[in-house]
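Undergrad: Go by the hints and put chain G onto chain U.
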Amino acid sequence: NAGVTQTPKFRILKIGQSMTLQCTQDMNHNYMYWYRQDPGMGLKLIYYSVGAGITDKGEVPNGYNVSRSTTEDFPLRLELAAPSQTSVYFCASSYTGLSYEQYFGPGTRLTVT
Amino acid sequence: AQKVTQAQTEISVVEKEDVTLDCVYETRDTTYYLFWYKQPPSGELVFLIRRNSFDEQNEISGRYSWNFQKSTSSFNFTITASQVVDSAVYFCAGGSQGNLIFGKGTKLSVKP
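Top to bottom, those sequences are chains U and G.
If you read the first sequence in the working numbering, its first letter stands for residue 19, the second for the next number, and so on.
If you read the second sequence in the working numbering, its first letter stands for residue 7, the second for the next number, and so on.
So that you can see chain U by itself, here it is in the shape it has in the complex:
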């Protein structure tokens, strides 16, 4: 049982490049989330999904896209990377909504230069 896995662990992008952050969970959780954590700050929600085929925006969705074709996978797509997207990205999952704790992946440290 690996929990929540994320790839890559580190990535450096040039301004304008695109990339996909991968996230997979093996706990059969319905809910999945993407957060970003900027230095000295808490986590801010980018997008979330309540099940396969259903996604919705969080607090800071601009510049990102998501899809959820399976229960296990929830990739985050960055289009036209900008320096403001330099951050640590965490994927999380939970059995259902707020009444259950979220389990986090190890994070992806992204730098855009």
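Derived by calculation from the structure, the hints in this document are not laboratory data.
Any given hint could be a false lead.
[What the hints assert, rightly or not] Each computed DSS-like pair below joins lysine-lysine, with the alpha-carbon atoms no more than 25 Å apart:
#1 G:Lys9 - U:Lys27
#2 U:Lys27 - G:Lys113
#3 G:Lys110 - U:Lys75
#4 U:Lys75 - U:Lys62
[Claimed, not checked] Reference listing, derived: stretches of chain U covered by chain G, where coverage requires no fewer than 3 residues with Cβ under 8 Å from a Cβ of chain G:
#5 60-69
#6 93-99
We put the CB at the ideal spot given by N, CA and C, even for glycine.
TA: Same frame as chain U, now just chain G:
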């Protein structure tokens, strides 16, 4: 609107001291959920505890204890006899509608 406030940005203690981390969650909803997470220097986020707004019983788990007071919207976290391994950033989070809102975190440094 919801708001999570962790007023303490950084705390430094000497090993074996007790330390309390403060958290205030503001919402107009009567049903909500509160969480504490630990982020050690390695960077991962570790779930510590979940509490719902109808349960005001204090909870103790080893050296950790949590005190929830609905009247003051506070959900404080106490570490008894702190150890160097407790050094981390601790996040409080709350949610009543939709998704979790995280506080900015309290960085705890425990010195030997």
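Undergrad: Take the hints in turn and mark each one as holding or not.
TA: Do the hints match the structure? See the list:
Simply put, G:Lys9 and U:Lys27 have alpha-carbon atoms about 31 Å apart, too far for the 25 Å limit, and the pair is violated. Restraint check for U:Lys27 and G:Lys113: satisfied, since their Cα atoms lie roughly 23 Å apart, inside the 25 Å limit. Distance restraint check for G:Lys110 and U:Lys75: the Cα-Cα separation of roughly 21 Å lies within the 25 Å cut-off, and the hinted pair is therefore satisfied. Distance restraint check for U:Lys75 and U:Lys62: the Cα-Cα separation of roughly 11 Å lies within the 25 Å cut-off, and the hinted pair is therefore satisfied.
Counting residues of the stretch 60-69 of chain U whose C-beta lies closer than 8 Å to any C-beta of chain G gives 5; at least three are required, and the coverage claim holds. Counting residues of the stretch 93-99 of chain U whose C-beta sits closer than 8 Å to any C-beta of chain G gives 0, which falls short of three, so the coverage hint is violated.
Violated hints, in rising order: 1 and 6; the structure is consistent with all others.
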